[in-house]
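Residue numbers (my numbering), protein chains in the order written: chain A, 1 to 608; chain P, 1 to 166.
In case anyone wonders, no lab produced these hints; they're calculated from the structure. Hints may be right or wrong, so weigh each one.
What the hints assert, rightly or not - With a Cα cut of at most 25 Å, we get these calculated PhoX-like pairs of lysine-lysine:
id	chain 1	residue 1	chain 2	residue 2
1	A	K100	P	K71
2	A	K189	A	K100
3	A	K151	A	K161
4	A	K100	P	K42
5	A	K72	A	K14
6	A	K318	A	K147
7	A	K554	A	K574
8	A	K100	P	K145
9	P	K147	P	K42
A quick note: this is a predicted structure, and the numbers were derived from the prediction, not measured.
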Amino acid sequence: MKGLTKDVRSIMMKRLTSFLLVIFSCTLIASVVLYFLANSNSTKHVRTTYESSIWSSLQLQVQSYRFVDYLKRLDKDNPPAAGDVLFYYDLLMSRIDLLKVGSVGNRIHYYGDGRSIRILNFISAELELLQPNIVQIENNDLSNLDKLINKLHFLEPQINKFVSLVNQSSRAYSVEQREQILEEFQLFKYIMLIFIINAIALFLVLMTNIRSTRIAVMKAKEAEHQIENIAQDKTHFLATMSHEINTPLDRVINMSKLLRTKGLNNEQCQILDTIEDSGTLLLNLIKDFSDLSDIASDNLVLDYAPFSLAHELEKSIKFAAMRSNPKAVRVLSYIDLTLPDQAIYDNSRLHQIIYNLIDNSFKFTPSGHISIVVRMSQTKAPQWRPSLYPEIPASMIQVVIKDTGIGISDSILEMLQSPLDSQVPNFPENKYCLGLYLCRALAHLMHGELSCHSPESGGSEFILELPIFHHQITPIQEGKAAQALVKSLTNKNMIILEASDSVAHLMAMQANALGLNTPLHTQILNQIPEQKIHYIYIGDDSMLDDLSYINLQKLVNTGSQLVADSNLSQNRTKALAHALYKGPLLHLNMGHALNELAHQDFISSQAY
Amino acid sequence: MQSLKFCLIFISLIFSSVSYSLELPSTRTLLTVSGLISNTNKDSNAIFDRYMLDQLPRSSISTHTPWNEGKHTYTGFNAQEFFDLLGVEGENLSLIALNDYMIDIPVKDFTEVGAIFATHMDGVPMTIRNKGPIMIVYPFDDKPKLKNESYYGKSIWQVNQIVVNQ
Chain A
1 MKGLTKDVRS IMMKRLTSFL LVIFSCTLIA SVVLYFLANS NSTKHVRTTY
51 ESSIWSSLQL QVQSYRFVDY LKRLDKDNPP AAGDVLFYYD LLMSRIDLLK
101 VGSVGNRIHY YGDGRSIRIL NFISAELELL QPNIVQIENN DLSNLDKLIN
151 KLHFLEPQIN KFVSLVNQSS RAYSVEQREQ ILEEFQLFKY IMLIFIINAI
201 ALFLVLMTNI RSTRIAVMKA KEAEHQIENI AQDKTHFLAT MSHEINTPLD
251 RVINMSKLLR TKGLNNEQCQ ILDTIEDSGT LLLNLIKDFS DLSDIASDNL
301 VLDYAPFSLA HELEKSIKFA AMRSNPKAVR VLSYIDLTLP DQAIYDNSRL
351 HQIIYNLIDN SFKFTPSGHI SIVVRMSQTK APQWRPSLYP EIPASMIQVV
401 IKDTGIGISD SILEMLQSPL DSQVPNFPEN KYCLGLYLCR ALAHLMHGEL
451 SCHSPESGGS EFILELPIFH HQITPIQEGK AAQALVKSLT NKNMIILEAS
501 DSVAHLMAMQ ANALGLNTPL HTQILNQIPE QKIHYIYIGD DSMLDDLSYI
551 NLQKLVNTGS QLVADSNLSQ NRTKALAHAL YKGPLLHLNM GHALNELAHQ
601 DFISSQAY
Chain P
1 MQSLKFCLIF ISLIFSSVSY SLELPSTRTL LTVSGLISNT NKDSNAIFDR
51 YMLDQLPRSS ISTHTPWNEG KHTYTGFNAQ EFFDLLGVEG ENLSLIALND
101 YMIDIPVKDF TEVGAIFATH MDGVPMTIRN KGPIMIVYPF DDKPKLKNES
151 YYGKSIWQVN QIVVNQ
């Protein structure tokens, strides 16, 4: 409720700020517009026109007085100088001309409801009629001088009336202007008042907003600090819990192992299996939680060191595969022998990822096989380098773990494809998510990437892209161990008897990489190949018929070495086999097994 | 012989200097200039009739003005030549119109801004009824910054007296 009130208050403050800003802008614009209108050129021009009309009308009056005064001074003893009468007459007429034309003339048309222009026209016409008398006087004929003076006297009231009308109109205009200015001033005053009040209100609102923001920032900092403390407490708690639980759990697992040697029946052994499995799972879960907590608090330190890549990879795969039921799910690996023999990487974290991914595949694969393919990746290596190896060259490897299980659920896919957060996400209701999320977080920490999808063919596929570092690229196949192996197996022939096409294909890849030829991979052996067969590998004998066994016997008699999976269904296969292969079918391990068979002159069942 | 040649040169120089002095007008006086001038022709004033003014070098401006509709060509005598002729020693001019209206204009308005003493409009002599005999015209069209009340006020017409001040 308190939060809701805060939200409403925040929205109200935002709306108030916007409203005040709009008022502020409007009053500012209005005051500017008013200022420019009051000072516009058209206003100034009108004012000038009124002033000019008053000035010109007064000048008309003055010039008429001067003209009369001049004429009164003329007599026979004081005749006009040449051009003087015309000069005064023209001067007077020029004033009338100025009042008739231009903007002054236009304005005078409307003074006194048109009376002013009528009077002016009358004055002008009367003065025009005086021109012959003017010329007469100019020629020193003063006979009509008194008549002219009288006529000018007759015009004086008209001129005075005209000046009065112009004055009245101009005064009316001045009053109107003053009132308008006062109105504008009042308006301007109100606008400025609103402007100032608004500015003060805006200032207060902004100050309130700034204060609220400051408080919010402080609270956020406090919350961040609390979160950091909680994260540290969580890490500490998990570390303590892991340490405290580890010892008793180990004791439980070891005791159950010890109990197994005390002559228990099958049912009791199964109960012990459950105890051991649950104990191990619990230990791994605690370890995963601890790692995730370390990653979230940036406390997980990677340990980069040189390792034999192929050897360590096969060790990891073998370790993960040991927990499986080999009768139900077979594990095969293929390692590209062009990968660097020695590489610098965090082996324990790569082992952890591979273990978790294979473990996950086992849990979702009730039967079939899990294949692990390791090869060079086409992805560009990152710029990042381990602190101990700042200048070392880098390559990307790709580890693909594919199973024939039930596939991966959409919720887990969504969780694994969502952006990585510093906080551990809410997992779907599936306990295996933790391991997968940890794999992804570890891959990200090592500047790699883990992706997954469910192929149309079924099962699930995890693709790990990871940078490894190496000074010199010596391929695995040129390494000390593999070089002799490849040399001894090159150009020898091996046939593969396998029910699954995909397993047979992977086995052929393994054999070909070791230099072996694989002229035949089939489910049944209907006929004997023409060429010399050095090795026969039987992965699945469920499809083999009597004819196949007759042919197999013939091949064994001619010196072919037969290696078979230890979990085969038919006893006839075991009877023929020179060696039985137990556990994951690892690439280099299989090579070593074949090589050993070739160099040992014995025909007996031996498990690897 | 040598002394005779010298005397002839001296006499010719005296006559040449007389030819630069102002003559008296033969018709009605249109313009009287007084004040700080070195060249006069009557009672420490310089007076001019229309003929004398028309003999001075000409200057023209084509422009609009607020007082006459449309664009007109105003022609008059060149101000710099006029000042040189008068030997103007001041910086300001007081111009007085026939109705005794007076306004002060700096000399530099004529020498730098480009104002002229117009005596003709569109080739026709300006009469008193047409703002003559002399009207001050600024180049309003060529220099729009002159279009303000200050320069409009200085455009005085019916000028008949000029007083040169400091």
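For each hint, the structure was consulted:
{"no.": "1", "hint": "K100(A) x K71(P)", "verdict": "20 Å, holds"}
{"no.": "2", "hint": "K189(A) x K100(A)", "verdict": "41 Å, violated"}
{"no.": "3", "hint": "K151(A) x K161(A)", "verdict": "16 Å, holds"}
{"no.": "4", "hint": "K100(A) x K42(P)", "verdict": "39 Å, violated"}
{"no.": "5", "hint": "K72(A) x K14(A)", "verdict": "85 Å, violated"}
{"no.": "6", "hint": "K318(A) x K147(A)", "verdict": "144 Å, violated"}
{"no.": "7", "hint": "K554(A) x K574(A)", "verdict": "16 Å, holds"}
{"no.": "8", "hint": "K100(A) x K145(P)", "verdict": "29 Å, violated"}
{"no.": "9", "hint": "K147(P) x K42(P)", "verdict": "38 Å, violated"}
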